[in-house]
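Novice: Sequence:
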Amino acid sequence: MTEGSHLAGLRSKCAQLAALQQGIEELRQRAGRVLELSRDRDDSSQPPGIRASEPVRGQCAVLVSLLQRLGHDDLRPSEVESLVHLANTKCDTISAMLQRPSSSVPSLITLPESCFSGHIGPLVGTKTMISKLAPAHSALHTISRKPVTHKTIHLGKCFYFAIKMTPQQMAVWGPAFSKAKRAVLACAPTLGVVELLEHAAKTLEELEAWSDCYHVDKAVGEWLRGRQRREEIVFPLLARVKVAGWWICVANRRHWKLISLVDIHLRDMYVEDDSRWDDPEKCSGYNGVACSDWLGAGPGPHHLTLEVSWGDGWQIEDLRHMLKPSIKRLKGLQCVPVSRWHLDDVVDIPLQLDDLQIDVDRAVNFEFLQMIAHLRSTWMAPSGVITFTCRHDVTFDVLRELQHLEDCPSLAGTLFYLASLVKRVVFPHGLGQGEAVPSVVLYRLPQLVFSQAEKLDLSRSAVGSDSLPDVFLSHISDAHFPRVTTLELGQAVGIRAQEVVRRATDLKSIRELHFQKGGRVSVPFFFPRCLGACSQTGPPLHIKTRYMDSADVRVDTSVWALWEGGGGSEGQKGVERRIQKISVTVHWERTTRQTGRRAGKKGVSSEAAKKKGGDQEGDRGILKTCLHAMDKCPLLDTIVLTLCGLSDFSGDELEASPVEASPIDMLSNELERAVKAEARGCWHRLRREARRKKGMSQ
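Start counting the sequence shown at 1; every next residue gets the next number (full-length UniProt numbering).
Some hints could be false.
Unchecked claim - Restraint-style ranges between C-beta atoms, simulated for each label pair:
1. V289 - M170: 46 to 56 angstroms
2. P236 - F416: 15 to 25 angstroms
3. K157 - I24: 36 to 46 angstroms
4. K157 - D40: 37 to 47 angstroms
5. D263 - V62: 26 to 36 angstroms
6. F161 - D354: 16 to 26 angstroms
7. Q22 - R76: 38 to 48 angstroms
8. R57 - K202: 19 to 29 angstroms
Claimed, not checked - No more than 25 angstroms apart at the CA atoms, straight line, and that leaves these computed lysine to any residue pairs for SDA-like:
9. K202 - G285
10. K517 - H480
11. K257 - L237
12. K257 - G285
13. K257 - M269
14. K202 - K282
15. K13 - G32
16. K257 - Q334
17. K632 - G519
18. K181 - M97
19. K423 - E307
20. K324 - K517
21. K423 - K455
22. K324 - P299
23. K157 - E206
24. K257 - E307
25. K257 - V234
Keep in mind that the hints were calculated from the coordinates and are not lab data.
All residues carry an ideal CB built from backbone N, CA and C; glycine is no exception.
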């Protein structure tokens with residue numbers, strides 16, 4: 001390399017450094033203008049919409065750091081050039097943001113502090129105020145720490161979550177919550193959270209604390225099982241509480257004095273302790289001893305609502321330590337038979353209830369009615385009212401319940417009221433030979449109105465040999481059963497049930513008929529004989545048939561019939577014109593099915609069954625019966641076949657197409673499309689049978 005080339009390289013390097021020096025100077029002047037403009041916008045004398053926003057200040061901080069980096073002496077020219085380019089880009093960004101200040105300044109921070117304390121704070125609560133607003137906007141940081149902002153406290157996000165408070169957190173947030181009026185706590189009652197809540201004792205008016213955790217957390221269980229606090233903590237304004245789980249015993253453990261409390265809602269639950277796994281305990285303690293202080297101090301009147309997280313509710317003996325004369329309204333009590341000394345020990349507490357609401361989750365019986373009468377005479381004010389809430393599985397047996405009035409006529413009002421609430425009514429379809437109906441039943445039956453009943457159940461009636469008196473038949477009407485949608489036949493498929501079933505299917509609200517068969521069934525069928533007398537006019541019906549495993553019924557090899565025993569003459573099958581859907585469920589055990597197959601291989605068949613299946617003419621399998629149903633029922637649009645036993649569960653729908661086509665073509669196509677893999681072994685036979693019949697018809 002010559003001397004000339006070296007000199008040329010130096011001149012090139014000087015030119016590059018001169019250009020870089022010029023770029024640095026231009027950046028210095030430009031950055032100064034941008035930062036000065038940003039400082040002017042930050043001036044507090046400027047209107048809020050003109051001030052620099054948080055993002056602008058953040059970009060300026062980045063620009064300053066780049067300028068500081070450029071002042072270092074250890075940078076190579078390439079690094080300096082890269083930093084100059086980045087700083088110029090940042091100046092472009094800041095200039096563009098300063099030209100549009102209103103688009104980046106949130107209007108929320110322009111609101112006065114009184115708006116946060118009087119409106120936004122109580123509405124969105126503490127959780128949103130702390131976790132969303134304050135960190136994003138430093139202008140709100142101070143507001144979020146002021147007690148006047150926190151009228152509503154929101155803590156926790158899941159019912160089993162345990163929040164642990166440090167002394168530093170307590171020092172900051174305790175004073176911040178000191179003026180709260182409402183608290184919503186979705187967390188376990190750890191000691192720190194409870195102490196935080198006690199900072200608002202003088203101003204708190206409403207508390208909702210929910211903790212549905214089935215296992216005892218050490219942070220909760222240790223102090224809740226420990227000794228109670230000795231000093232009283234007075235809540236002078238707290239008027240409403242709704243607490244669940246471990247929260248229901250906090251008032252006792254912390255020695256709270258609630259002098260203004262009126263509405264009290266307690267949700268009890270069982271919890272499991274790892275150290276005592278075989279002995280789960282209730283949070284309320286024995287006979288409610290752990291939650292009695294909610295009602296202990298204030299004069300009332302108290303409105304007490306009880307709830308549980310399991311099937312059984314609060315029993316009478318659970319209230320032994322809680323009942324006070326100040327209670328005027330009690331809801332959520334369950335009355336189940338208890339020993340007499342338990343009942344007297346609790347019921348004899350003097351009360352004057354204006355309203356007693358009782359949850360009914362079992363069958364109405366004489367012991368239950370006696371207990372209600374006892375409560376009415378000992379707990380209720382002269383003008384007090386007892387109301388009931390019935391669960392769906394509560395049944396009302398007409399014959400059995402009305403006979404109670406023979407010994408206690410005074411129970412009639414309570415019994416009639418319960419009849420208007422139940423969802424399921426057990427009605428007789430016939431009388432045993434020589435059985436007489438008590439006169440009190442004949443007299444009281446017309447007064448029963450089952451206004452909420454949805455299911456009329458004949459399954460528990462005795463096998464009838466004598467017809468029912470006319471008063472029973474006339475009672476099955478729209479006036480007495482305005483909402484019944486389901487008729488449960490059970491195994492009451494005898495001829496004596498025909499008149500009762502006919503009356504029931506004439507109800508305007510009826511939509512479904514259910515029956516099931518157990519024991520040995522030689523010819524399974526779709527429609528029981530008792531439907532033969534039903535009218536051909538009325539609402540569309542859904543027939544649900546269920547064969548239990550004891551019936552030894554198989555879809556592919558049994559001889560099926562459309563009607564039980566042939567169903568009688570064609571004139572007695574008018575109900576076929578109303579059938580819109582058929583559901584057949586077959587339960588069987590694998591051993592039963594395998595036994596049947598082995599018997600079939602040996603040639604063992606039931607000739608009698610073939611003769612009884614008049615609709616089937618000896619054909620095996622359910623296929624032809626499905627085709628027969630499609631032919632006989634003009635409204636039929638769906639057949640659902642459910643098999644339980646071959647796999648865990650499988651269901652298949654056979655859609656009766658409205659298109660004019662051969663019934664065999666329709667059924668074959670639907671079987672090919674709808675059959676599922678779980679029942680492949682059973683349904684392959686049906687598909688082959690459909691193809692064979694299709695080929696014969698062609």
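Novice: What are the numbers of the hints that this structure violates, sorted from low to high?
Specialist: Violated hints: 1, 2, 3, 5, 6, 7, 8, 9, 10, 14, 15, 16, 17, 18 and 20; rest satisfied.
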